[in-house]
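Just so we're aligned, residue 1 is where the sequence shown starts under full-length UniProt numbering, counting upward by one.
Worth flagging that the hints you see were computed from the coordinates, not collected in a lab.
Any given hint could be a false lead.
To be verified - Okay, derived cross-link-like pairs now, BS3-like style, lysine-lysine, Cα gap no bigger than 30 Å in a straight line: (1) Lys334 x Lys322; (2) Lys458 x Lys352; (3) Lys352 x Lys296; (4) Lys98 x Lys9; (5) Lys264 x Lys458; (6) Lys352 x Lys432; (7) Lys132 x Lys296; (8) Lys77 x Lys9; (9) Lys264 x Lys334; (10) Lys296 x Lys432.
To be verified - Using C-beta positions, here's what the derived DEER-type ranges look like: (11) Leu229 x Arg130: 55 to 61 Å; (12) Val147 x Phe105: 26 to 32 Å; (13) Phe176 x Ile230: 37 to 43 Å; (14) Ile179 x Lys132: 37 to 43 Å; (15) Leu238 x Ala126: 36 to 42 Å; (16) Leu229 x Phe8: 56 to 62 Å; (17) Phe73 x Asp293: 45 to 51 Å; (18) Asp293 x Thr418: 17 to 23 Å; (19) Phe163 x Lys455: 49 to 55 Å; (20) Phe315 x Asp228: 30 to 36 Å; (21) Ile230 x Lys458: 38 to 44 Å; (22) Phe261 x Ile331: 23 to 29 Å; (23) Val235 x Thr418: 42 to 48 Å.
All residues carry an ideal CB built from backbone N, CA and C; glycine is no exception.
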Amino acid sequence: MKASDFIFKEVFLVIIVSLSMLLIPLTITASSIINLSIINEYDISYINSQWFINFFMIFYGAFLAITGSLSDFIGRKKIYLGGVIFFALGSFLCWGAKTYEFLLFSRAISGIGAAALTTSSTSIIAANIREKSKSIAFSFFGIFLGVGMVSGPLIATHSNELFGSYKYLFLFTGFFLVILFCISLNINDSFNRGKNKFDLIGSIFLTLFLLSAVTLFSMITSTAYKLDLILCCFVICLLTITTFIYVEMKVDNPILNIDLFRNKAFLSMCLTSLALGLGYISLLFYIPYILHDIIKLDDSTVGMLITVATLPSLFIPPIVTKYRNNLSTEILLKLTLFLLTLSPLLLMIMIKVDSIILSYIIMFLFGASFGISLSYIDGEAVVSVDNNKSGIAAGTFNTFRIAGESISIPFFTALVSTISKFSLDDSIVVSKLSIIDSLIIIFIMLVFVSLFITKLYKQNKGEFKKYVLS
């Protein structure tokens, strides 16, 4: 398939949609660097600074299903334009935020906008690109996501160096989205009103569960909260997730189709995404703190190392795609889990050995598991179910993945903080030893999870369909 097969309208649509989606992974990975600046600007602890990314991820995950369902009622283009507006508004508010609380509010708005962009962008491409051109369209779309993920840490670092503040990143993001909004008005999109109602109650309880779960981890890491408050939050967490599961089993159009988890193939991919959240995403947001405060590297070097950790997400998927016919899903899954399990051990070596060259190698290997997973995990999750359930399978998988990442980000911090000593002013005295102990625990958890996933995959190997990326 050659790019010349595209007509101008298709090229225009794919470029505009891809540019808007590029900003989502960009701002997510940039947050790992921005956290260090937030600590100094608002005089808060590292734990509290994580709410900056947590708020975004919580509302991003909770509104994926809502915006996806709404697009069936009011149209994909309207949801897309609404997503651009919300994302731009949230970015401008982040730039002007004077208090940390208002900054978090702004990130929540950006998360809602990101959810709308995510659900509408893929459906717009799927609905408006000719069948013979879809493979090259989604490949182009995926490249932009990889570019956004890789460029986030670098742009955040240089924003601090050139302009003296990370907030200029959000100012430029806002203006860029305004320009995209004006151009996107020319997008043509066919629309047929859907018949299914969206699961508003389920969405509310999912949001409450994510908020309570992340709050619970934050409370555990702080001496400012008494045991009764922590137990109260734990009860709320249990009640919301129990109610959410009950609601999802009763409604006709659930956010998470619980029945899909009976499919061992689908469950294997969901658990793999959860393992990636634990072994890659959560550590990715903690590594800048390790590099800056524990290893004592400068901001520029920290930014470069985090960028190297995201490079596999850009370069590995095209390589795997090229040789996909010769690589079985079993091989890719085992390689993903092996490198993922190895990651905590590699980080332990990086902490103990003072070598910048070795650190770059370790960072690339650290990101390799996630890069490999991008080449197959979404497709395997969808094709493992019946074709008439592929839509709800995609929605369930993505909601499960984002929700898992939302919880996993504060989990590692809670683990380190529990092992570490606490000071009276609620700041955490983090030592190399406490981080290494935490990495050992993560390693042990990943070993058991990986063995379980591998066994589950083998039990259901016959249910997997052959999935070949064009």
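Review point. Hint by hint, which ones does this structure get wrong, listed from lowest number up?
Key: As far as the earlier hints go, 2, 4, 7, 14, 20, 23 are violated by this structure, in ascending order.
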